[in-house]
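Here is how the chains run, residue by residue.
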Amino acid sequence: MFLNKNRFFSNTDLIGFALLALLIFVMLPVGLDVFRLNLFGKYLTYAFVAIGLVLCWGAGGILSLGQGVFFGLGGYCMAMFLKLEASSPEATKIQSTPGIPDFMDWNQIAEIPFWWQPFHSLTFSLVAVIIIPVIFAFIIGVAMFRRRVGGVYFAIITQAIAAILTILIIGQQGYTGGVNGITDLRTLKGWDIRTDDAKVILYFVNGGLLFACLFIAQIIRKSKLGRILIAMRDQEDRVRFSGYDVANFKIFVFCAGAAFAAVGGAMFTLQVGFMSPSFVGIVPSIEMVIFCAVGGRLSIIGAVYGALLVNLAKTTFSELFPELWLLGLGGLFIAVVLAFPNGLAGIYKDYVEPRIALIFKRKMHIDEDVSKYDPLEAAAD
Amino acid sequence: MFADYSMGELGAIFAMQGFAGLILFSVFVLMALGLAIIFGQMGVINMAHGEFMILGAYVTYLTSNLFSEYMPALFSMYFFLAMILAFIVAGALGMFVEWALIRHLYKRPLDTLLATWGLSLIMQQIYRSVFGAREVGVTIPEWMMGSLPLTDTIEIPINGIFVMVLATGISIAVYIMMFRSSWGKQVRAVTQNRVMAGAVGINTERTDRLTFGIGCGVAGVAGSAFTMIGSTGPTAGQLYIVDTFLVVVFGGAASLLGTIASAFSISQAQSIMEFFLSGSMAKVLTLLTVVGILMLRPQGLFALKLRK
Amino acid sequence: MSDTPKKPNKQMEASRRSVLMGGTALAASLFVPKFLRAADYPTAAVNTTGLAVTDDEVTIGILHSITGTMSISETGSVQAEKLAIEQINAQGGILGRKIKYIQEDGASDWPTFAEKAKKLLVNDKVASVMGCWTSASRKAVLPVFEQYNGFLYYPTFYEGLEQSPNVIYTGQEATQQIIAGLNWVAETKGAKSFYLLGSDYIWPRTSNKIARKHIEKLGLKVVGEEYYPLGHTQFNSVINKIRLKKPDVIYAIVVGGSNVAFYKQLKAAGIDMTKEKPLLLTISVTEDEIRGIGGENIVGAYACMKYFQSLDNPNNIAFVEEFKKMWGDEIVIGDVTQAAYLGPWLWKAAVEKAGSFDIDKVRAASPGIELTTAPEGYVKVHENHHLWSKTRVGHAKLDGQYEVVFETAELVEPDPFPKGYQ
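Going down the list, the protein sequences come from chains A, B and C. Residue 363 in my numbering sits at position 363 of the first sequence, with consecutive numbering throughout. Residue 160 in my numbering sits at position 160 of the second sequence, with consecutive numbering throughout. Residue 397 in my numbering sits at position 397 of the third sequence, with consecutive numbering throughout.
Chain A with its partners taken away, still in its complex shape (with noise of 0.2 Å):
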């Protein structure tokens, strides 16, 4: 490793990461069918969200319960490309306006709007991808932690925001597509994407960015400003007594988990092929919170371990047993909360951990003791 290894990656995070990369780069692959493997690839792009939340929430304290709106506006902004090249005028001479997008058509609108216009650009949508949620990440932090709002008000505020956005993509359908979403998206750049080859690209690529989230992650919780953090949600007033200007690391944190569920959405309509206002309301905003509850709040291996296995019981329970799903989830959420606060990531330091370190006392010796004094976990309530 290019990095120092003592600083940001124990022994014991290079194995979580190692295992992780098998799984997702090796063993589904191999072992899926193309059309499970573009499933797994979709619960993967929750997972962005969740590593977003494991350093908001679980190193900051901030609890968001508005990240769809994140993961919509990067879905979206990559879906608005995507529309745009679906529409060309061969492909759309039905329409009384060819080559512009079908609802559009279908709300009289003659012709593209203004702030259409630069997505035709592939390079300006990939960067407005990350930018857009930023910026408005950036407002929205501005705003709340420069005047101190906190917990359970920046929680209510976020959701409110995330309905307020549901309800207007849904009201300027002419514009977004409404209810509908924006559907029937084809080819990047011509490169038809619905065909299973490009399905198993983009899980790699998908997977690829995973992995260069969590290392951006990794890093930012293990340098000096994750500490802060952590101090800042233990004991915010101490921090600001000590000099450091608490809103400021908000600020950033916010902004870093927009943009990780924003590169999620854009994969998101990538794989699945459309994008729609129902992933941008407060439902699937907690449910992202969820993804991240049972993975562990502290562990971003562990959020995309939680996203990968909530969704994935989640399809399978519902197809079996579609009245026990709701039960059995609701049922998840009280026990992880009760039971696990520190989700599957807490299991494994608090069960598997110890048994792993006794086979490999020798070996992990000298990581022990720089681990054990990990603050994060010490941290944990």
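Keep in mind that the hints were calculated from the coordinates and are not lab data. Nothing here was measured: the structure is a model prediction, and the numbers come from that model. Note that beta-carbon positions come from the ideal geometry of N, C-alpha and C, so glycine has one too. Treat each hint with caution, since some may be false.
[To be verified] These stretches of chain C come out as covered by chain B in the derived footprint (C-beta under 8 Å, 3 or more residues):
(1) 69-76
(2) 234-244
(3) 264-271
(4) 292-301
Knowing the structure of chain A, use the given hints to seat chains B and C on it.
Same frame as chain A, now just chains B and C:
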């Protein structure tokens, strides 16, 4: 838009529009009071608040069926009994939930949000299994569904008056309980300093349980009253949750007076904007304004000075 | 409400027997042999594309929401489709093969619909799919059906503006449903001014757009147009606006939970629909919705669609009886439920005409398929994959049923891309 109308007609419309705003105000107060008690006094975020309201609605539905089956003569009066039952059932369930779930989480307010969200899913599924996925039609006594013609052009819906009277009554009852009874003193003492309250001999556990129960009970009554104006189905409770939380937060969490003031301003703003704009845009603008003001004044309209 | 039959054993036998009795009459009018033996149609010949067809079975998919907010609406469709499948099987199935269905839950979530559609087509290789309800779910599955060449029967009345080679639309598209009703209310009731109202999404908006154009074509006036977010429960302001504008007709396309709130508040505000001042005309309230609204809150309103449970014809009387036998006496049947019931029958007719289960052959055979046994009467598949059907106006009664007060003399031609209405 007003050019074609006489002054008399305009006056009538404005009177009725004002009245519509008052009804919306009462609806908001009913929705928010239970939550204000729980969230404001205990700091618990009860995401299942809407489901407790729907529980009240289902209790009303069952009571109406019972009456039309066995006591059709008394049917016109069943609603009052239904509301009392709704309070008892929702309140009892609330106390049970507090005992089983909430009391373990007082130190982690954000976690109550997740746990109660889980609870809301479970309650929805139970409603669906018991009552079916479809909305149930609650038959309202005929006298409550009409309107009172005040003049030729002004008509006042009776259920609106009923909701207003109820909202006033419950607000007064809650006020008396909170500020004039010894229980209220205990609740406020526990809110302000849990440890000290315990030290002077207040049974904080019992106080918490009762507070949560009463909050849920008020939600049940609200749900019962809402069968007159809204739908009763397994997922209907979710429609209310954002509005409710915004009302409470906008008012300043720990202040009941703030909740009422915020319900008033939000309802009037929405009602007026709905009249001049389309419904969707009115909703967006109202929410935006509230969020905007909250960003400027995060503690809400009326805030208690608490030491953080 | 569950989607498993009550008392399955007894009921199924009973319904089978009566189906057989009714089936004689039904089959005679279908102009196809009653019992086609599988031996006459070797699997290799009727299934050249690897669909899930064996010597004695053919598998289809049912794809609706069992959970989530849409399960309220979609339950009826699932029930109707299962009834049709059972009846077809009791008559000997299709080309001598019994229909087996795989049911998937779309969970009111559009990507889940797309996901399950793909599963049905790719993993299960189903020969056709009965499913979807909302436009959003249909839009989500559409690319999947086109990519993997599946065949979908879609039951809901909807906004039109779509014509996929992979979908048969068994509900009415917007112009079919709207224009006849507006003509009727203008001619019979002398309506001059209209107030358009709807939930804020694509179907009400598109429908109101068509309504507005048509109203203006008739030389009449639209005095207001208004949309509320889905799930909105406070309608006092719009009711006041309606009072102010004094329209002759309130044209309401409110859906879901909002429906209940709207009609209750309308009644409470003293607008008595039985007096028809103003008259209320809706295209979104079927008998199913009235169960939630309560008959006493909507009595006197008019609804415009193609099917009402109270239709008085032998097909419908038999259908209602069978439906209640299978799913319980309490049940009511709305427009979409009936349209869903048509799906399996239309598919059966198309397969038998094609003599094959191959999607391409079924598609080629579909236009021109007639169904004289439909509960709504005679229907016919148009070149554009929609149905020719009659449009009717019903008058809501206190018991939650509609009394049919008008029906178009001829079948109305489906026109999903109406010229002059866009």
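Here's how the hints hold up against the structure:
no., hint, result
1, 69-76, "holds (count 4)"
2, 234-244, "holds (count 9)"
3, 264-271, "holds (count 6)"
4, 292-301, "holds (count 6)"
Of the hints listed earlier, there is not a single one the structure fails to meet.
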